[in-house]
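Student: Those protein sequences? They're chains A and B, same order as listed. The numbering used here applies: residue 8 is where the first sequence begins, and numbers increase by one. The numbering used here applies: residue 8 is where the second sequence begins, and numbers increase by one.
Be aware that one or more of the hints could be misleading.
Reference excerpt, derived from the structure (chain A facing chain B, CB under 8 Å, subset only) [claimed, not checked]: (1) 75; (2) 79; (3) 81; (4) 110; (5) 139; (6) 154; (7) 163.
To list a few chain A residues with every Cβ distance to chain B over 12 Å, as calculated [as the list claims (entries may be wrong)]: (8) 58; (9) 73; (10) 78; (11) 92.
Beta-carbon label-pair distances, calculated as ranges [said to hold, decoys possible]: (12) A:64 / B:79: 45 to 55 Å; (13) B:109 / A:79: 28 to 38 Å; (14) B:91 / A:60: 36 to 46 Å; (15) A:140 / B:173: 17 to 27 Å; (16) A:119 / B:52: 29 to 39 Å; (17) A:64 / B:129: 49 to 59 Å.
Just so you know, the hints here were simulated from the structure itself, not pulled from any lab data. We put the CB at the ideal spot given by N, CA and C, even for glycine.
2 protein chains.
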Amino acid sequence: MSRGGRSIAPAPDPPSPAPERHDAAGHEPLLSIGAAAAQAGVTERALRYYQELGLLAPSAHTKGGMRRYSQKDLERVARIRELQALLGLNLDEIAVILRNDDRTAEIRLAYFDDRTGDVERKRLLRESLTLATEMRATVETKRQALDSFLHDLDARIDRLRHLLDEE
Amino acid sequence: MSRGGRSIAPAPDPPSPAPERHDAAGHEPLLSIGAAAAQAGVTERALRYYQELGLLAPSAHTKGGMRRYSQKDLERVARIRELQALLGLNLDEIAVILRNDDRTAEIRLAYFDDRTGDVERKRLLRESLTLATEMRATVETKRQALDSFLHDLDARIDRLRHLLDEE
DNA sequence: CAAAAATCTTCCGTTAACGTTAAAGTCGGG
DNA sequence: CCCGACTTTAACGTTAACGGAAGATTTTTG
Numbered sequence: 008m009s010r011g012g013r014s015i016a017p018a019p020d021p022p023s024p025a026p027e028r029h030d031a032a033g034h035e036p037l038l039s040i041g042a043a044a045a046q047a048g049v050t051e052r053a054l055r056y057y058q059e060l061g062l063l064a065p066s067a068h069t070k071g072g073m074r075r076y077s078q079k080d081l082e083r084v085a086r087i088r089e090l091q092a093l094l095g096l097n098l099d100e101i102a103v104i105l106r107n108d109d110r111t112a113e114i115r116l117a118y119f120d121d122r123t124g125d126v127e128r129k130r131l132l133r134e135s136l137t138l139a140t141e142m143r144a145t146v147e148t149k150r151q152a153l154d155s156f157l158h159d160l161d162a163r164i165d166r167l168r169h170l171l172d173e174e
Numbered sequence: 008m009s010r011g012g013r014s015i016a017p018a019p020d021p022p023s024p025a026p027e028r029h030d031a032a033g034h035e036p037l038l039s040i041g042a043a044a045a046q047a048g049v050t051e052r053a054l055r056y057y058q059e060l061g062l063l064a065p066s067a068h069t070k071g072g073m074r075r076y077s078q079k080d081l082e083r084v085a086r087i088r089e090l091q092a093l094l095g096l097n098l099d100e101i102a103v104i105l106r107n108d109d110r111t112a113e114i115r116l117a118y119f120d121d122r123t124g125d126v127e128r129k130r131l132l133r134e135s136l137t138l139a140t141e142m143r144a145t146v147e148t149k150r151q152a153l154d155s156f157l158h159d160l161d162a163r164i165d166r167l168r169h170l171l172d173e174e
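Between the sequences and the hints, there should be enough to build the whole structure, so can you do that?
Tutor: Right, here's the structure in full:
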């Protein structure tokens with residue numbers, strides 16, 4: 008079914024602007040690099056380094072050229088740390104994932120934009136799906152490994168407890 | 008209850024020598040560093056490095072001073088890699104864990120040796136138990152994180168599939 | 001508006017976990 | 001016992017992910 012002129016299918020969550028904490032003038036509060044680093048639990052150097060690698064660009068800059076971070080930026084930092092700690096990925100691998108996330112977000116936006124062609128839309132969705140599925144596989148593998156590791160540990164703990172109780 | 012002169016409690020698996028693949032003369036086959044590295048899926052350098060850090064000493068040496076690795080040695084290598092990949096521990100942290108494993112193994116051997124003092128034995132067991140329990144906690148935490156990560160991924164995949172099916 | 005505090009860019013330093021190469025010694029088959 | 005393949009130690013090199021300091025600039029604060 009074509010999607011050029013308004014689909015009939017129940018539209019999946021239109022991309023709403025998301026509720027924000029505006030200030031009086033209506034802008035979201037932006038953080039300096041110091042505050043952002045503190046909030047995110049990383050160093051300023053790390054933030055600059057992520058930017059250098061193209062993982063994270065601050066949402067805004069002052070006239071003088073100082074970085075200003077938004078809440079979304081902080082979430083992105085959290086994501087980076089999670090991927091580092093949880094999956095042991097390096098920053099280059101993480102960059103790939105984040106770029107794909109960004110693409111998917113773009114797709115979601117473009118999804119409601121009639122200028123986006125059906126074919127292109129479909130191609131992008133398939134691409135995202137493939138990537139997500141691949142990632143799922145590696146995560147699942149790791150989870151299984153962790154699980155059996157946990158069971159071994161439990162067995163070991165039981166044995167130790169047993170030896171102690173027998174004294 | 009004292010353990011100086013033979014315990015009454017049902018003895019937990021006496022430390023049996025474990026079934027080995029002996030050769031004709033009764034020795035287990037030992038591998039050269041090249042073969043060991045190949046089997047373990049690591050480089051020779053890595054094996055030498057682990058030894059340098061005190062993580063892994065080859066079970067034997069030739070007269071000339073060349074390293075000979077046993078199957079247990081290879082298992083130890085596997086353990087090292089597992090702790091690295093799964094938990095993201097560094098080699099120093101792994102060294103601590105392995106040393107504790109070794110101590111625990113010694114205790115199991117000494118279990119039937121009356122020369123080992125009760126107090127000392129108990130202290131060592133408690134120590135191992137503490138370490139294992141701490142480790143369990145961190146592993147559990149990590150597993151939970153991985154799990155929720157996996158669920159997020161699944162949700163994302165579902166959404167993508169949905170968008171595709173609607174075309 | 002002036003001083004203090006925070007940031008900017010640039011560049012060199014650091015640590016972990018090996019990689020690589022060189023020179024010398026050891027092993028195993030013929 | 002000889003030679004080619006494999007190992008040894010020692011030493012220097014490499015990469016990732018920042019750490020830290022310098023000197024200039026910007027922002028904030030009294």
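Student: Does each hint hold? Answer for all of them.
Tutor: The hints, checked one at a time:
no.	hint	in the structure
1	75	violated (28 Å)
2	79	violated (17 Å)
3	81	violated (18 Å)
4	110	violated (12 Å)
5	139	holds (5 Å)
6	154	holds (7 Å)
7	163	holds (6 Å)
8	58	holds (24 Å)
9	73	holds (33 Å)
10	78	holds (19 Å)
11	92	violated (7 Å)
12	A:64 / B:79: 45 to 55 Å	holds (51 Å)
13	B:109 / A:79: 28 to 38 Å	violated (49 Å)
14	B:91 / A:60: 36 to 46 Å	violated (23 Å)
15	A:140 / B:173: 17 to 27 Å	holds (18 Å)
16	A:119 / B:52: 29 to 39 Å	violated (55 Å)
17	A:64 / B:129: 49 to 59 Å	holds (58 Å)
Going through the hint list in order, the structure does not satisfy hints 1, 2, 3, 4, 11, 13, 14, 16.
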